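Fit chain Y to the known structure of chain W by using the hints.
Chains as they are written, first to last, in our numbering: chain W, 460 to 722; chain Y, 460 to 722.
Some hints could be false.
Said to hold, decoys possible - Pairwise CB distance ranges, derived in the manner of DEER restraints:
1) Y:614 - W:659: 28 to 36 Å
2) W:700 - Y:518: 53 to 61 Å
3) Y:643 - W:511: 50 to 58 Å
4) Y:545 - W:596: 38 to 46 Å
5) Y:623 - W:549: 37 to 45 Å
6) W:643 - Y:616: 35 to 43 Å
7) W:560 - Y:700: 40 to 48 Å
8) W:721 - Y:614: 28 to 36 Å
Stated by the list, open to error - Here are some of the chain Y residues that sit facing chain W, going by a computed Cβ distance under 7 Å:
9) 566
10) 602
11) 659
Bear in mind the hints are in silico, worked out from the structure with no lab data behind them.
Since the model is a prediction, treat every value here as computed from it, not as a measurement.
Even glycine gets a Cβ: it sits at the ideal position worked out from N, Cα and C.
Number of protein chains: 2
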Amino acid sequence: MADARADPRDAAAAPALSLRRAYRLVLAYDGTGFHGWQIQPDAVTVQGTLLAAAQRLFGGDVRVIGASRTDAGVHALRQTVALAADSDHPAATVQAALNAHLPREIRVVAAADAPVGFDARRTARGKRYLYLIDNGTVVSPLLLRWAWHVPGRLDLGAMRTALAALHGTHDCSAFCAAPGREVEPTCRLRALHVRRRKAIVAVSLSADRFLHHMVRNIVGSALEVGRGARPPGWLAEVLASRDRTQAGPTAPAHGLTLVRVLY
Amino acid sequence: MADARADPRDAAAAPALSLRRAYRLVLAYDGTGFHGWQIQPDAVTVQGTLLAAAQRLFGGDVRVIGASRTDAGVHALRQTVALAADSDHPAATVQAALNAHLPREIRVVAAADAPVGFDARRTARGKRYLYLIDNGTVVSPLLLRWAWHVPGRLDLGAMRTALAALHGTHDCSAFCAAPGREVEPTCRLRALHVRRRKAIVAVSLSADRFLHHMVRNIVGSALEVGRGARPPGWLAEVLASRDRTQAGPTAPAHGLTLVRVLY
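So here's chain W without its partners, still in its complex pose (with noise of 0.2 Å):
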């Protein structure tokens, strides 16, 4: 989830000059079963799976880098990831072919050309995450995977109103897991929503790029808004504070969906 413009982490992921075709790839995952996206010795991962499921098709040297590094548990309805191969397929048949290969817990929902080179997360102009809140009485079976259960009442006018004060450019630090470890700690906010839809509430962010942890410590802060602990005007404050042991709890994993990488 963080971006990062010159991370030496990234050095493995990153297209190899001598690999001749490059695909634009979008895609869906559940992210339940897997140890987030980022590939991990050890422990199953979106983007270790799909390289695997790469490797299978094209065999030699594949690269894949992904514009958001999503954390366990974090789903995707639209990331875009570029894929680097030695490929003469076109990318229908990419689709199809690492469709085939991937678990259903994954898919590839849409293939394109990419010019060689094609960078997701670095061309990315910005992102735009969900995060679901199951507000019920009693937590919902059938939102398990995908919310978070808050339930007692939540002031969803106050929720709207602390989090409109984040709207615009910003040093989000306070909202960061590890500000220390990160390149550029400002971002642009463009939109913060909150709708009720009967018990379900639904947070959603627009950024040009967000930090480590950032939606779910936003989410996590808004809520103390919320449930009446903190006045609307406190998340003004964390965010002018730079620290983050000014803000609230960080939201669990499985309620946040990245819903698509903007271009």
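Only chain Y this time, still in chain W's reference frame:
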């Protein structure tokens, strides 16, 4: 999913007159991991899991009867259940204690006192079911548990025309899995709706009662019309035939959700 007015299989589940308190429970469940509602030896069922939780709570003799015997894999938003036990607990305590003993895939969403001898099945005036179809070109990983993936063009207008012919009171043997087993094949269908929201097509059906596999057989047949394999008038012909071999394939269980039981 079948109603039955004098089904000998119910004998074991019938409320014993010696049990001096009855509750009306409303259950929600994710049916994915259960072999349906009805208790079976050597299989995990919703009724069996609820009974075990109630026996832990009340100790002695307990009876649980659900209004709908949902098939393996079918979900419920509001299944009504009669619970009879020797109990001094208020309904709210029973709800909280059962939820503490049940897996999160089953939740008691409401509980109230009921007259002793309350029979959730025989007193039901009707039921409403929802069948979800994932009409996306590629299956959505986020709908795997809840929707049947049917790609390709679907003519919803033709499906609506076809389903309208089922409105009213009919012998529904043509849509019954095992017609000979049913005491009474007449059902009064009240509402049949087909809606689309993006790639999701939702078919909702209400009736005073449903025969075994009836919703799934109606949906499977309506999809034959939606795909253009059959004309809209075909569903009326199938109904009039009273012959199960005339109908379309049975839609899979996991797309089906019991929405509520009407009293």
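Inset, instruction - Using 7 Å as the Cβ threshold, decide whether residue 566 of chain Y counts as touching chain W. - result: This hint holds: residue 566 of chain Y lies near chain W, its Cβ roughly 5 Å from the closest one there, short of 7 Å.
Legend entry - Verdict for residue 721 of chain W, residue 614 of chain Y (Cβ pair) under range 28 to 36 Å: Hint holds: Cβ distance 34 Å, inside 28 to 36 Å.
Legend entry - Status of the given 28 to 36 Å range, CB of residue 659 of chain W versus CB of residue 614 of chain Y: With Cβ atoms ~31 Å apart, the hint holds.
Inset, instruction - Go through the hint on residue 602 of chain Y and say holds or violated, using the shortest Cβ distance to chain W against 7 Å. - result: With a closest approach of 9 Å, the residue 602 of chain Y hint is violated.
Legend entry - Status of the given 35 to 43 Å range, CB of residue 616 of chain Y versus CB of residue 643 of chain W: The hint (35 to 43 Å, Cβ to Cβ) is violated, given that residue 643 of chain W and residue 616 of chain Y are roughly 53 Å apart.
Inset, instruction - May I ask you to test the hint 37 to 45 Å on the CB atoms belonging to residue 623 of chain Y and residue 549 of chain W? - result: holds, 44 Å
Inset, instruction - Look at the Cβ atoms of residue 643 of chain Y and residue 511 of chain W and judge whether their distance stays inside 50 to 58 Å. - result: Holds, at about 55 Å.
Legend entry - Satisfaction of the residue 659 of chain Y interface hint, Cβ to chain W closer than 7 Å: With a minimum Cβ separation of about 13 Å from chain W (threshold 7 Å), the hint on residue 659 of chain Y is violated.
Legend entry - Beta-carbon spacing of residue 560 of chain W to residue 700 of chain Y - inside the hinted bounds 40 to 48 Å or not: With Cβ atoms ~44 Å apart, the hint holds.
Inset, instruction - Could you see if the CB distance from residue 545 of chain Y to residue 596 of chain W stays within 38 to 46 Å? - result: violated, 28 Å
Legend entry - C-beta pair residue 700 of chain W, residue 518 of chain Y: status relative to the range 53 to 61 Å that was hinted: Holds - the Cβ-Cβ distance for residue 700 of chain W and residue 518 of chain Y, about 55 Å, lies within 53 to 61 Å.
In summary, the structure is inconsistent with hints 4, 6, 10 and 11 from the numbered list given earlier, while agreeing with the others.
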